Amino acid sequence: MVLIGVAVVMVGFFIRLNPLLVVTIAGIVTGFLAHQSLYNILTQFGTAFETNRYMAIFIATLPIIGLLERFGLREQAERLIAKIRAATTGRILILYMLLRELTAALGITAIGGAAQTVRPLIAPMAEGAAEARIGHMDEDTRQEIRAHSAASDNIGLFFGEDIFIAVGAVLLMKGFFDQNHIHATPIDMGLWAIPTALAVFILHSIRLILFDKKLARKFASNIDQTSSTVHGKEVEL
Amino acid sequence: MILSTQTVYVFIGLITLIGSIFTFFDKQNLRRWTTGMFYLLYAVTLISGHWIPPFYIGLMVIGIVLLAGLQMVKTGSYGEASVQERLMNRNRFGNKLFLPALLIPILTVLGVEWIGHLRIAGRLFYDPSNVTMVALAVATFIALLVGLGITRSNPITSLRESRRLLESIGWAAVLPQMLATLGTLFNSAGVGDVVAKLLHHVIPSNSLFWAVFAYCVSMALFTMIMGNAFAAFPVMTAGIAIPFIIQHFGIQADRIAAIGMFAGYCGTLMTPMAANFNIVPATLLDLKNKYQVIKVQWPTAVILLAVNIALMYSVARI
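First to last, the protein sequences are chains A and B. As numbered in this note's numbering, residues 1 to 237 make up the first sequence, in order. As numbered in this note's numbering, residues 1 to 318 make up the second sequence, in order.
Keep in mind the hints are simulated off the structure, nothing from the lab. Keep in mind that the hints are not guaranteed to be accurate.
[Unchecked claim] In silico lysine-lysine, DSS-like type, Cα no more than 30 Å apart, as pairs:
id, chain 1, residue 1, chain 2, residue 2
1, B, Lys96, A, Lys218
2, B, Lys27, B, Lys96
3, B, Lys74, B, Lys295
4, B, Lys295, A, Lys213
5, B, Lys290, A, Lys214
6, B, Lys27, A, Lys214
7, B, Lys288, A, Lys213
8, A, Lys174, A, Lys83
9, B, Lys288, B, Lys27
10, B, Lys96, B, Lys295
11, A, Lys218, A, Lys83
12, A, Lys218, B, Lys74
13, B, Lys288, A, Lys214
14, A, Lys174, B, Lys197
15, B, Lys27, B, Lys197
16, B, Lys197, A, Lys218
17, B, Lys27, B, Lys295
18, B, Lys74, A, Lys83
19, A, Lys213, B, Lys197
20, A, Lys83, A, Lys214
[Stated by the list, open to error] To give an idea of the interface, some chain A residues facing chain B are shown, with a C-beta separation under 10 Å as derived from the structure:
id, residue
21, Val2
22, Leu68
23, Leu73
24, Leu95
25, Leu98
26, Thr109
27, Phe159
[To be verified] On the chain B side, residues computed to face chain A include the following (Cβ under 10 Å):
id, residue
28, Ile15
29, Leu46
30, Ala81
31, Asn95
32, Thr108
33, His117
34, Leu118
35, Leu144
36, Leu182
37, Ile225
38, Ala229
39, His248
40, Phe249
All values reported here derive from a predicted model rather than from experimental measurement. The C-beta atom is built at its ideal place from N, Cα and C for all residues, glycine as well.
Construct the complete structure from the given sequences, taking the supplied hints into account.
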């Protein structure tokens, strides 16, 4: 019976109802099925919403990021990267993913993120590198590059994190095994995280190199189209 | 401590609150009253979640959800800089613009690694319950001051710009908190136990491979449901890994724990329930398809899940 809440979520997302609405309905349904009063359910909503306020921390970055954007930070990031001939979208994202993974493995997880690094710096650089090579980009390609930028951030962060033994995942696992009277040592758990961390880096790097190849094919077809017309430099933002 | 998490919540709440006031006066926004109300309510929960009884926060949450769900939250006009202005400014400030942007990660790391441990008159400088968050907030604040200095702008400009960004994220900004809330409700209703029990019937108890397979896949699937691998880990490890892998085959917990968690992360990469990683970035990057980050991530996630299963199986056999 309690699985009905899960079903509500799946159906809701599937028919693309507003996710906030879906989640709330699923929560209320699950609460009722567990024989809780409406007062109780709302109290739980309130409590959980309050304890999870830390998830809103990205708002703190918005005033400075917004200000810098107004003064052309993204354009500057694009221009800077366009000057580096060796820079390609894939290589930039591989380098960023590597940095993110290594720093996460040292326990530094707050160094990046969608609001503070991807939007103002990484995505414009990835776009700038592509633009320097393929010239004018269609909107779909631009969107795909941005999505890849966000993905590199997530993947680097997630799979570096478990190597670091002092916070987060490893402590949670240690705590859980302690509770269940099973012996576990943080150092060893971190050690056995390394193969996956390596595997994902190689795997996703390959995908990014393939993405570069795809962009290069676009470049080739762009050349064909523009060679018959006068070649003008476009400023596209 | 000198700077508590509560101070940080007041800081981000005020950013949201001031934005909502601009919205109430934004005549270009056809839904300025309801949109303003949405951000105002959210600001109130951020600032005073500590003092208002949870039941009333719950009521406000319902209000927030209804305003967003009934399409009453719209974007307005933000007087943003035109392309020409941005290009001109870029030429004026050039690489100096990177300084505040780079200060954020540098100061955050310094804050976590150094200032976080400092004591003044016996009091910790940053709230030990979430040092990273306090450090990040302080870093953004200092970066903001530096940024205002470099560009010689008024703080009001930066608040207008933060409103522009926040409203472009819109209701998705609230989604991570709502999903975490749902996770809590699922937990207290015992959803995980039911899933684990169902799986008990399916797993053949004498095959190491199928036990590993079931553990990894269910970690990924349950993470997709909960949006959080940390929520899935205790449930699935207690339900599957401990009886079928650790106890039955006598395999050390150390060897499979991280890989099990990573199998969960593969799920995180594929689910809209992990909104803070998948949906909020999509809105922040102005993606038309809010699921595009997931679309880019899922091939890596699926292949890596297979890799994790193979790894865990071979690690267990060594």
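| query | Looking at the structure, which of the earlier hints fail to hold? | reply | Hints 1, 2, 6, 8, 10, 12, 15, 16, 17, 18, 19, 24, 25, 33, 34, 39, 40 are the ones this structure does not satisfy, whereas the remaining hints hold.
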